[in-house]
Amino acid sequence: MGLEQEIQNFQGKINALKSEIGKIIVGHHPVVEQVVTAILAGGHILLEGFPGIGKTMLVRTLAQCLNVKFSRIQFTPDLMPADITGTNLVVETPAGEKKFQFQKGPIFGNIILADEINRATPKTQSALLEAMQELSVTVAGTSYKLEQPFFVLATQNPIEMEGTYPLPEAQLDRFFFKTLVETPSVEEMEEIMERTTGSQEITVKQVINGLELLELRKLAREVPVASHLKHYIALLVRATHPQTEEADEMVKRYVRYGASPRGTQALILAGKIRAICQGRYNLSFEDIRKVACPALRHRLILNFEGEAEGIKADVIIRNLLETIPELPREVEKLVK
Amino acid sequence: MKTIEKHLKKLSFLLRLARGINTAGIGLAAGFLAGALSLAINKFTDLPNIGLIIILEFIIAVTIGFAIGFFRRISFLAAAAYLDKMAGAKELISTAYEYGLKDPTDVATNWNLQRAEATLRSLNLSSLVSYRIPYRKWYHPMLLLIFIIFYFIPPVSSSGRKNKPAKILPHQLSQLANMAHQIKTLSDSKKPNPIQTLPRDIQLLTEAIKQGALEKKDALVATNKLAEKTDSLKKELQTKQQTLETLKKSNLTKDLAESLSQNDLKSMEKEIKELQDKLLKNKFDQRELETLEKRLQELSEQLSEQSDLKETMKNLSDALAGKNFKELPEKLQKLLDELGELSDWSAEELAQMEKSLEELLEELEEIDAELAEIDPNGQESCPTCGKKLAVKGKGKGKGNQCGTCQDKKFGLVKGKGGPLAGGGTTNEGPEKGPKAHQGRSHDEGGTNTKPLTDWEKIYAPVKLETERTTDILSKRKITGQGQVLTTRFKGVPDKKNEALMPIREALPVYKEAAEKAMNESAIPLEYKETVRQYFESLDKK
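Respectively, the protein sequence lines represent chains A and B. Residues 1 to 336 in my numbering are what the first sequence spells out, letter by letter. Residues 337 to 877 in my numbering are what the second sequence spells out, letter by letter.
Hints in this document: simulated from the structure, not taken from any laboratory. Here the structure is a predicted model, which is why all the values come from computation and not from measurement. Heads up, a few of these hints could be off.
Said to hold, decoys possible - Taking beta-carbon pairs under 8 Å as the criterion, some of the chain A residues facing chain B (in silico):
| # | residue |
| --- | --- |
| 1 | Glu222 |
| 2 | Leu327 |
| 3 | Pro328 |
| 4 | Leu334 |
Ideal Cβ positions, reconstructed from N, Cα and C, are used throughout, including at glycine.
Generate coordinates for the entire structure from the input sequences, incorporating the hints supplied.
Structure (structure tokens):
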């Protein structure tokens with residue numbers, strides 16, 4: 001199969017996936033696109049939005065479309081790490097002997113929905129760290145590999161702050177995207193009512209299996225990236241750090257910590273997937289601009305002044321996108 | 337890949353051209369600033385050909401600006417990135433070019449290359465390059481405004497008047513009238529060239545000294561007079577040369593200078609009269625008047641310039657004072673050589689000196705007649721009563737007055753009494769002090785009858801000749817060094833203000849004062865170099 005066909009196949013499958021999701025999820029196109037992008041890139045996603053706007057439904061529908069094992073973990077304050085990873089249980093063999101046997105937790109799935117992740121204690125939250133980064137789980141000194149593909153789709157409620165434990169920076173950094181799920185529009189509300197209150201039951205079909213997903217991911221990773229684009233991404237990520245010379249006044253004033261190198265990886269991988277979805281096989285500045293906010297917003301830790309003034313990370317990121325020059329210096333002035 | 341490289345090469349050239357135009361715009365701005373600066377400087381100094389300088393500044397600034405922009409390399413990758421941006425190719429061309437350089441056979445790269453080439457074929461590269469100067473709109477108009485403001489600011493004249501309307505002073509008009517009169521006199525004159533007679537006189541004097549035909553004192557007196565008049569001659573010639581240079585500086589007097597250099601006296605006369613007429617009829621605009629005023633001021637100051645030949649003459653006198661007669665012919669020969677240099681000057685300029693040289697000859701004859709009455713032992717005799725006079729005295733006195741017959745016309749010089757003046761009854765000069773012994777007392781009954789030393793015999797005629805009654809050193813003590821120097825450079829030259837003391841004593845004092853004045857900018861900028869050269873020439877001698 002030629003490259004052009006591969007790209008068309010990629011586009012076809014992604015469009016089919018989006019179409020199937022769209023049967024259940026009304027609107028939320030950017031959210032769906034970001035979720036699909038994160039899955040194709042092999043990253044995890046943090047969905048933030050008010051209750052009842054379809055976060056969990058989105059993840060469930062996605063799992064159905066991909067035909068992979070889906071697990072849901074409802075995070076509560078009394079949730080223990082073993083409840084996620086699994087634990088060693090004493091079992092009796094047919095011969096009457098007793099021995100420890102590892103009972104896999106819900107983490108052993110392909111798509112994990114960590115619902116209301118910020119309600120669990122940091123200890124429990126951190127039980128996901130190894131799984132998300134190393135794709136393995138260690139219990140009682142024994143490591144267990146997780147099955148590929150493996151995605152964690154966490155949700156959190158931005159308004160209920162009592163009894164919640166904000167995710168630590170280290171864990172936030174492990175999420176590929178942080179996607180903001182907005183309240184549906186009037187038309188979308190009407191459509192939701194139409195679909196959910198009638199007698200017709202909507203079902204989705206599987207469009208991609210796990211193996212195909214890995215192949216699509218491989219194709220996406222081979223998209224070439226020009227050196228000046230890499231330079232731009234490096235500049236952009238460095239500019240989120242207030243102590244660097246690339247940082248602008250807004251970053252210096254409102255940001256405490258900037259994005260890590262994982263931010264550059266997220267920008268490039270997400271950009272590549274977007275490029276293929278657009279029918280191109282090269283990364284462009286436009287791709288980077290489109291994915292910059294979901295890829296970087298959770299990696300910018302605002303300082304007290306930023307929090308007090310209600311500055312959004314997206315505003316800082318958009319400001320950086322406007323100020324950092326895209327072209328090499330030798331031709332930059334010729335464009336302005 | 338070749339197609340892409342070909343297009344990128346063309347685009348790179350166009351981008352360099354655009355950048356050259358861009359930076360030439362910066363050069364243009366720099367040219368405005370440099371021009372404004374030159375105009376500002378011209379308000380305080382006399383830059384020649386300011387217009388040409390400003391034009392050259394513009395050309396150089398724009399050329400350098402263009403060269404900086406054009407000759408700096410633009411990489412193909414940068415050109416490809418520019419092309420992506422301007423053509424909206426979404427980084428296809430730059431990515432394809434960069435990966436094509438690495439491995440053009442790669443499937444993905446090859447696919448991108450084909451698409452990039454197809455995109456390039458549909459593009460008109462020239463339309464993608466902007467040749468405008470991407471600077472703020474107010475940038476150049478503001479600099480142009482600065483330039484215009486400096487252009488119309490009235491100049492500050494060399495006389496130090498700031499931002500006041502220039503005017504032609506009456507004495508400057510009379511200067512022009514005098515110049516016209518002198519030139520007319522010269523043009524009408526049919527007399528032989530006096531410079532030819534002066535070397536001949538010196539030659540004759542030299543031979544006479546060699547042959548011993550002249551007394552030592554006679555030779556001394558004649559040589560000193562000759563030297564002084566020669567000095568005067570050279571001064572006047574130098575002044576004329578400077579006048580020529582000064583006149584050439586201004587467009588107003590350029591024609592006059594041309595006439596002067598071509599020895600066309602009739603034309604000169606006509607030019608000066610036209611100049612006068614224009615001034616009287618107010619035909620000049622403000623700037624022309626200011627320029628002319630400056631030139632006339634310079635002419636006025638040049639009249640006070642001194643000649644270097646004077647030092648040679650002084651050395652000659654010193655040699656005579658030290659009885660070193662062996663050096664005399666050599667020094668005279670040097671004098672002749674210097675005069676020979678003068679003979680290279682134009683016939684008209686030399687003719688202008690005729691009057692001075694005639695005076696010289698007349699004075700020489702007078703001196704000869706007076707010297708005939710001087711006693712060989714160095715004592716003078718009163719022409720009326722015939723009594724011999726004391727050559728030194730301690731008393732105060734005018735020194736040129738016979739104590740017996742009160743003949744005030746007697747004597748070559750007018751002496752000043754002092755501690756060594758011998759207490760003559762008629763010595764009533766105003767000066768006292770050690771230097772007063774340079775004077776002579778005509779005192780019949782003076783108590784000091786000490787015979788003259790050779791040093792005094794040599795210096796006596798020079799010192800007594802002047803009628804100046806103020807000693808430079810004593811004046812300096814009262815008024816300070818700066819005051820003396822200011823008088824010298826700004827005032828009307830006083831010939832009798834010279835040679836009251838040996839130059840070896842005066843030179844360090846004046847040099848120090850001049851350097852101090854130059855450092856404190858008491859001397860106008862345009863004259864500093866002249867003053868420095870003057871003292872350097874004295875040092876050499």
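These are the hints, each one checked on the structure:
At its closest, the beta carbon of glutamate 222/A sits 6 Å from a beta carbon of chain B; the interface hint therefore holds under the 8 Å criterion. The beta carbon of leucine 327/A comes within 5 Å of a beta carbon in chain B, closer than 8 Å, and the hint placing it at the interface holds. Among the interface hints, the one on proline 328/A holds; its C-beta lies about 4 Å from the nearest C-beta in chain B, closer than the 8 Å criterion. Proximity of leucine 334/A to chain B holds as hinted, the smallest CB-CB distance being about 6 Å (cut-off 8 Å).
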